[in-house]
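The hints should help you fit chain R onto chain G, whose structure is shown.
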Amino acid sequence: GQNIDQPTEMTATEGAIVQINCTYQTSGFNGLFWYQQHAGEAPTFLSYNVLDGLEEKGRFSSFLSRSKGYSYLLLKELQMKDSASYLCAANTNAGKSTFGDGTTLTVKP
Amino acid sequence: NAGVTQTPKFQVLKTGQSMTLQCAQDMNHEYMSWYRQDPGMGLRLIHYSVGAGITDQGEVPNGYNVSRSTTEDFPLRLLSAAPSQTSVYFCASSLGWTAALNEKLFFGSGTQLSVL
Numbered sequence: 001g002q003n004i005d006q007p008t009e010m011t012a013t014e015g016a017i018v019q020i021n022c023t024y025q026t027s028g029f030n031g032l033f034w035y036q037q038h039a040g041e042a043p044t045f046l047s048y049n050v051l052d053g054l055e056e057k058g059r060f061s062s063f064l065s066r067s068k069g070y071s072y073l074l075l076k077e078l079q080m081k082d083s084a085s086y087l088c089a090a091n092t093n094a095g096k097s098t099f100g101d102g103t104t105l106t107v108k109p
Numbered sequence: 001n002a003g004v005t006q007t008p009k010f011q012v013l014k015t016g017q018s019m020t021l022q023c024a025q026d027m028n029h030e031y032m033s034w035y036r037q038d039p040g041m042g043l044r045l046i047h048y049s050v051g052a053g054i055t056d057q058g059e060v061p062n063g064y065n066v067s068r069s070t071t072e073d074f075p076l077r078l079l080s081a082a083p084s085q086t087s088v089y090f091c092a093s094s095l096g097w098t099a100a101l102n103e104k105l106f107f108g109s110g111t112q113l114s115v116l
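If you're matching them up, the sequences are chains G and R in order. Read in order, the letters of the first sequence correspond to residues 1 to 109 in this note's numbering. Read in order, the letters of the second sequence correspond to residues 1 to 116 in this note's numbering.
Okay, chain R solo, but in the shape it has when bound:
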């Protein structure tokens, strides 16, 4: 009963370093997405995918890349980390993105990222 699994839980990077946040779901969900949450704020959409091979940009895509080669996995890549990317990152998935499919989001446990 894993649901949405995110790794790592914590990460500290130096400015300019690159890294990949991993996200996997075992619910056969078509829709996956990445959000960042800054202190006292809501979730802002970074990138999303409505199925394998399809990705699109959200509200704050700059500095991040994604790919969706399989239904299960949706990694988020930070190309050159900056202090402004210090945040908590959540991966989320849902069955689909139409009203008929009851598209509630299931969230991973989050990654606390600090960029020094």
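So that you can see chain G by itself, here it is in the shape it has in the complex:
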């Protein structure tokens, strides 16, 4: 079966750095994806990892350790518009994307 865990809520200050963790147990694992979802909107793609290591895309970075079943999303220089839900999703080679329940990030001034 599939199991994905991430914290329910996090709060951080504008300009700071925040790390959102995700652990997964997935058979046939094929990659770990991060999506951002603002309230009332559809999710949008942020970053993904297939191999171990760090992927950097501007203010956002994502890390993967396949042996530990662990990933994190790092957001730097936080802005108010980064207040959103962040969804961790594990892809399998059978064609399924299984999502965690999401981490609601609140950025305060």
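Calculated from the structure, these hints are not laboratory results. Glycine included, each C-beta is placed from N, C-alpha and C at the ideal position. It is possible that part of the hints are untrue.
What the hints assert, rightly or not - Reference excerpt, derived from the structure (chain G facing chain R, CB under 10 Å, subset only):
# : residue
1 : Ile4
2 : Pro43
3 : Ser65
4 : Cys88
5 : Lys96
Stated by the list, open to error - Okay, the calculated beta carbon distance ranges per label pair:
#  : chain 1 : residue 1 : chain 2 : residue 2 : range
6  : R       : Gln22     : G       : Gly40     : 17 to 25 Å
7  : G       : Leu54     : R       : Thr7      : 34 to 42 Å
8  : R       : Asn28     : G       : Ile17     : 35 to 43 Å
9  : R       : Val88     : G       : Ser67     : 19 to 27 Å
10 : R       : Gly3      : G       : Gly40     : 41 to 49 Å
11 : R       : Met27     : G       : Ala94     : 16 to 24 Å
12 : G       : Lys68     : R       : Thr7      : 39 to 47 Å
13 : R       : Asn62     : G       : Ala16     : 38 to 46 Å
14 : G       : Thr44     : R       : Gly96     : 17 to 25 Å
15 : G       : Ala94     : R       : Val88     : 19 to 27 Å
16 : R       : Gly63     : G       : Arg59     : 35 to 43 Å
17 : G       : Ser65     : R       : Arg77     : 23 to 31 Å
18 : G       : Thr8      : R       : Asn28     : 32 to 40 Å
19 : G       : Ile17     : R       : Gln22     : 36 to 44 Å
Claimed, not checked - 30 Å max Cα-Cα, derived DSS-like pairs, lysine-lysine:
#  : chain 1 : residue 1 : chain 2 : residue 2
20 : G       : Lys68     : G       : Lys57
21 : G       : Lys76     : R       : Lys104
22 : G       : Lys57     : G       : Lys108
23 : G       : Lys81     : G       : Lys57
24 : G       : Lys57     : G       : Lys76
25 : R       : Lys9      : G       : Lys81
26 : G       : Lys108    : G       : Lys81
27 : G       : Lys76     : G       : Lys108
28 : R       : Lys9      : R       : Lys104
29 : R       : Lys104    : G       : Lys57
30 : G       : Lys81     : R       : Lys104
31 : R       : Lys104    : G       : Lys68
Showing chain R alone in chain G's frame:
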């Protein structure tokens, strides 16, 4: 530049009614899927398709049917609506389902469904 188009945006049904949620994409994506999202929760996979003529069940398929007669369209049918199916439904597509194809999902804008 339409991407993934879902209709309707809002729908209210009575228990026992049937309806079809429409989803179309114009990006020539092989992979399409339907998710439901309940308040405070992540996305749960209902059905998915890796190409025209091929469909498979996700985590929560009961009460829903799909078909994929063309690459572009992937409708979701509710056979006999129940209050437990009240949710937000998202259609999503991607180029493919192997790592080499960078299978990030593109989502439609969602359908808010209420079953009374």
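Structure-based check of each hint:
1. Ile4: This interface hint holds because 8 Å falls under the 10 Å limit.
2. Pro43: holds, 5 Å
3. Ser65: violated, 17 Å
4. Cys88: holds, 8 Å
5. Lys96: Holds, about 6 Å.
6. R:Gln22 - G:Gly40: 17 to 25 Å: holds, 21 Å
7. G:Leu54 - R:Thr7: 34 to 42 Å: This hint holds: roughly 40 Å between Cβ atoms.
8. R:Asn28 - G:Ile17: 35 to 43 Å: With Cβ atoms ~39 Å apart, the hint holds.
9. R:Val88 - G:Ser67: 19 to 27 Å: violated, 36 Å
10. R:Gly3 - G:Gly40: 41 to 49 Å: violated, 18 Å
11. R:Met27 - G:Ala94: 16 to 24 Å: holds, 22 Å
12. G:Lys68 - R:Thr7: 39 to 47 Å: holds, 43 Å
13. R:Asn62 - G:Ala16: 38 to 46 Å: Holds, since Asn62 (chain R) and Ala16 (chain G) (Cβ atoms, about 44 Å apart) stay within the stated range.
14. G:Thr44 - R:Gly96: 17 to 25 Å: holds, 19 Å
15. G:Ala94 - R:Val88: 19 to 27 Å: Because 25 Å falls inside the window, the suggested range holds.
16. R:Gly63 - G:Arg59: 35 to 43 Å: holds, 41 Å
17. G:Ser65 - R:Arg77: 23 to 31 Å: violated, 41 Å
18. G:Thr8 - R:Asn28: 32 to 40 Å: Holds - the Cβ-Cβ distance for Thr8 (chain G) and Asn28 (chain R), about 38 Å, lies within 32 to 40 Å.
19. G:Ile17 - R:Gln22: 36 to 44 Å: With a Cβ separation near 42 Å, Ile17 (chain G) and Gln22 (chain R) satisfy 36 to 44 Å, so the hint holds.
20. G:Lys68 - G:Lys57: With a Cα-Cα distance of about 23 Å, the restraint between Lys68 (chain G) and Lys57 (chain G) holds, given a limit of 30 Å.
21. G:Lys76 - R:Lys104: Holds, at roughly 22 Å.
22. G:Lys57 - G:Lys108: Answer holds: Lys57 (chain G) to Lys108 (chain G) is near 23 Å, not above 30 Å.
23. G:Lys81 - G:Lys57: holds, 17 Å
24. G:Lys57 - G:Lys76: holds, 11 Å
25. R:Lys9 - G:Lys81: Roughly 25 Å between the alpha carbons, so the hint for Lys9 (chain R) and Lys81 (chain G) holds.
26. G:Lys108 - G:Lys81: With a Cα-Cα distance of about 10 Å, the restraint between Lys108 (chain G) and Lys81 (chain G) holds, given a limit of 30 Å.
27. G:Lys76 - G:Lys108: holds, 14 Å
28. R:Lys9 - R:Lys104: OK: Lys9 (chain R) and Lys104 (chain R) at ~23 Å, within 30 Å.
29. R:Lys104 - G:Lys57: holds, 15 Å
30. G:Lys81 - R:Lys104: Between Lys81 (chain G) and Lys104 (chain R) the Cα gap is close to 22 Å, so the pair holds against 30 Å.
31. R:Lys104 - G:Lys68: holds, 23 Å
In this structure, the hints that do not hold are numbers 3, 9, 10 and 17, in rising order.
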